[in-house]
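Engineer: First to last, the sequence lines map onto chains A and B.
Quick note on our numbering: the first sequence kicks off at 1 and runs consecutively.
Quick note on our numbering: the second sequence kicks off at 1 and runs consecutively.
Since no wrong hints were added, every one of them can be taken at face value.
Stretches of chain A that chain B covers, calculated by requiring three or more beta carbons in the stretch to come under 8 Å of a beta carbon on chain B:
1. 65 to 73
2. 106 to 118
Interface residues of chain A toward chain B, partial, derived using beta-carbon atoms under 10 Å:
3. 11
4. 15
5. 76
6. 77
7. 80
8. 81
9. 82
10. 84
11. 140
12. 142
13. 186
14. 190
Just so you know, these hints were derived from the structure itself, not from any lab.
Glycine included, each C-beta is placed from N, C-alpha and C at the ideal position.
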Amino acid sequence: MTEAATAYLASVGTALPGDPVDNAVLGKLLGVSEEWIDIFVGTRSRYFGRDLGTGEVRWSLADLCAQAAAEALESAALEAPDIEFLILSTTTPDTLLPTTASQVADRLGLDYLPVYQLQAGCSGAVQALDLGRTLIASGRRAGLVVGGDVTHRHLDFNRDLARIPTDELVNYLLFGDGAGAAVLTAEPLGEQVAVRGVLNSLTGLGRPAGQTVDWYGLTDRDQDRPLLREDYKAIEEQVPVMAVEIFWELLEQVGWQVEDLDHLLPPQLSERMTTRIVERLAVPGVHEVSCVGETGNTGNALPFLQLARLLPDLRSGQRALAVTVESSKWIKAGFALEKV
Amino acid sequence: MGGIAIVGLDCAFPGAPDAEAYWDLLMRGGESVGEVPPQRWEADELPDTVPESARAGINRGGFVAGADGFDNDFFALSPREAAAMDPQQRLLLQCAWRALEDSGQAPGALAGTDTGVFVGVMGGEWGRLRMGDPSRVTPQLGAGSAAGMTANRISYHLNLTGPSLAVDTACSSSLVAVHLAANALLAGECDTALAGGVNLVLTPALGLMYSQLGLGSPDGRCKPFSADADGIGRSDGLGLVVLRRLEDAVADGQRIYAVIRGSAVNQDGRSNGVTAPNRWSQQKVLEAAYRRAGVTADKITFVEAHGTGTALGDAIECAALGGVHAVPRKKTCAVGSVKGNIGHTEGAAGIAGLIKVALALHHRIVPASRHADRENAQLRLAERGLRLLKSPMRLPAGEILAGVSSIGMGGTNAHMVLAGPPRTPRRAARPAGETEPVGVFTVTGDTPDALRRNLADQAEAFARRPRGGAASLGFSSNRVKTGLPYRFAVAARDTTELAERLRQAAAHGIDAGTPAHRSWTRPVVAFVYTGQGSQYPAMTAGLYRDSAAYRHFLGEADAALTRHTGRSTRELILRGDEAGYDTGDAQTALFAVGYALTRTLGELGIQPAAVLGHSLGEYAAAVAAGALDLDQAAELVAARAELMRNLPAGGGMLAVGAGPEALAELLAAEPTLALAAVNSPADSVLSGPLDALDRAALRLAGRGLRTRRLDVTRAFHSPRMAPVATGLRELADGLRPATPRLPMASSRYGRLLHDEPLDAAYWAGQATDPVLFGAALTALATEVAPTHLVEIGPRPTLLPLARRAGLAPGTEHLHPVPGPEADGRQLAELVATLYRAGLDPEWAALYPAEYRTVERLRPYVFSAENRYWSRRADRATTPAPVERPVTPVSTPVAAPVEQTEDPVLAAVIDAVVTVGQYRPDRVLASTRFYEDLGFDSVMIMQLKDVVQDALPHLGEVSIRQLLPALRSVGTLADFLRELALARVS
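Build the full structure now, drawing on both the sequences and the hints.
Structural biologist: Structural data, given as structure tokens:
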């Protein structure tokens, strides 16, 4: 890769709606003990864009993504006319059309530029980064990559929660709402973090989905098939293995040694899973940057939330590696950063 | 490279009441041509000689909505004068205010500067309509009809003393005006210039002329460079840009839309006819402009052409452009003309093009040229290095150069070269993870209604934005949106909160039932310093985190104290040790907090008019009053702290809900007890040994009196403090305190200090004597009459006490740190409160440097309630009555008019109403001639005549006699009444 093709992270912005919902509040709503959440999931708090009492949606995905993106623009000291593309990844768009990506562009005052929306899960932010890096390499000067998810269509706190089977109940404990964004630039600006490598690879040929996020339409809205399905057994088995592979593959791609690494951004499925994966990776002396314990699994927002925590600690010359696994159709993803 | 920066702009064009709407219209490729409104002329008014084929075109055009509305009260202009003013003057005056706001400053801040005003204007239609009949001429109408007054009014009302002139070069007037303004800036004639133009189509006359010349479009629409181009459609328009020399704009952190790199103006000279365009002169003006800008034609990305859409005009302009642009180049030069959207705005045509180009460079996208899809092949654009912009063009990164052309019917051509704004960011990127500071957002208006209107407008603008920080917006509003009489201010951390609070204020009153704040005076603020007992772990930590000023001054106090204590008081405070402070640490810590708060408020422009300290609080108060410097006070406090720490523990204090009289008997029976403080007539504190205090508590409880043991381990302010007094007297022996610069109420004496020095003896006695807080505060309130009391300390203790006891009645109580949760927000709210009350803070001190950037805010929204345009009066063939404002239908008629039994006052009110055509309810005895009614010398002359007619028994009154009485309507009536009496006797 030539120097001209390097994309830089100039800034990151994040948006988490309202006040955190802790396990005491959530446990009460779901009729499970706080301790049970703590033992099985480990997540301590999360945020929801809806009012849990009334069900009113107070933050749409576009609200959160626009807030995060505006913060990223502001931090980078760039303005709307400087932005030459926008890529948004999500599992849960507000509407199918217009895309949430184009709604966010509108909120930001962006016009006459390519806008992409990627339908993706936990690997979405990396897919967006990958595409953004390609656009920078093709001559664009600056663009926004955005990721976010909201749960209000897929988690119903107003139903009779006492009667949900445990494997479905887990979804209520795992997920949260949020968004993140980063400004990518062709020249080192703002935080001046070079994107040294990106891994984005579908590896699920012939394998059943580990996670399904479904939706209903006019013809099937009366069915009661669950909208969220997870094969937790497969996830627990596969994700740590894939994470280790991603880690080494990325290191090899950028030609770094393990000792070169200062920070690690591990997969954020849940606090428990993350701990297990980090233990398994066993990289000595590396600083772990995680957020899932405080934010829950926010899907497409996660890598941005991790980046927001990383940046204040990332010093010039330091290197960071992010690993993420999308267990839907088994996508390996990750990226390698170096602050110049 | 130098240049002239466009730092602000405002405009109104048909279908686009402001710059935002103008851009939207252009990007949509919209068109805003329609039928002439009947207010201008009736479609059937055209002479019978006009051929049927031309009638529709003459009766169509682009017309700005609400051209009759004018907020004359805002500019203190009488209705009579407003009604006599050419609406071009009226609208441009409002436009000037908004454009200056857009440039990131309060227009009032430019008063008295050499700011220049350059206005292109070619229409004298108002004057022809109004002055045609000599019997109707008035002084107001004379000034109201003069073209030069379009510029001079702006200079007058905003008090701008630089060059002020109107330019008429027909349709190139406004671009020539901008050219002259840029030259004036470069020549150092002025440091800021307003430049632009105005055009309102009031009569069909010019349309008839175009038609007769074969230049009028049959459908009233300009179709520039189109195969369908068939002539001109006339339009309204007005626009102004605010110009600065580029280096000044950059140095002042102003936002820049675009930079004028060079411009040129020339003349056709003796061409084919006085109104015929000349290809060679047009080419020369392009060449001259590029030469001055130091650029070559191949570097020009796009040109906003004059492009009137007449077959000949388009052909000649393209030939001239081609003569310059048909050079080897990477890409052809894009060409377009805004006239396809809004029509030909004549005197304002150049500014319409210039603002379009400035916005295009700002947004980095050039709107398409309407009607370009039917390109006129005869123009041979491609071989001339040109292409017509058929769709919007996103501009690539890097420097972009663009041109604007404007051509006058009489042969005066102008061309201007612009570049995009400088690429260097106006501020540094902000580090990740930083919390956004709290800002104070300010809005002002000339009336409560105006304030509400503008609050609602700002709220709506912020509600549309993604949630984000509000600090820079606050800073910008402090710069731009201050200066009008009715004030609003609110603290907010993000735009969502800000939008909500503005909306609430607009909808429900500024705060709890107060419609709006108008302060005639500045607030008088007294600082009241707390003493021991108010401390708690990590006090003021939130403020320390949020306020750079507080961090700095706590550091100063810490350094001064550390020299004497040997350890950091700041760390002692901030580490938040739950065990709290011993008596020594509590004193140094409270002194440090008191000092740092005082200085922080001082940085914000909040200076006390008087100070008062309670016990230990007197030290920080003495520093604030200038009696002690920081080092003197720090040494004394450190010594006092050490001496008290070294006293054997034992003894305590008991607060009693009673005054000293009720305690006299008890004190006589318990000689070891001392009266330590009289905080109010019903709040005292006893000091002494614990067993005696216990007995006292029992006895007082028996009398039904409330008591409370204070959390102290010594019997302060009692004879047991004698060793401290001795120690202080010895230490401070050489102390030479200064005379306080401010009134200081002494809680030792219970009154204001007179000539007593705050020397060793004072501080020694202060440790043993009772604290006479209640008496001191009462004395301060009586003699200084503060409007606001600000408690200086880590939480409110004295102010609640004062409120309970009814001390200093009528004062508003404020606290910068109302408790352990306090952070920068409460300080910001205190500043907001005092601003509403009339204080003008040093706003910059509220914001960290990286947030002191000027963001564009929506400009002021003027009232459109008053409308001044009556056609019947315009065209009346019989001698018309005096020019009258048109009362809006929606205005409730006859609001309560001041009823008066006094015939002289009634006559004066009648005369004033007649002279200015005011609504009668606006003229009261208290109404001021100059400030409220905008009286000038012409009106005074007229007033004299009307008054003499109304009160014939007065006889002749000279202007000289009248002038001193012209303060308010009431003072004039008083004067006339006395004059009448004198003449009768």
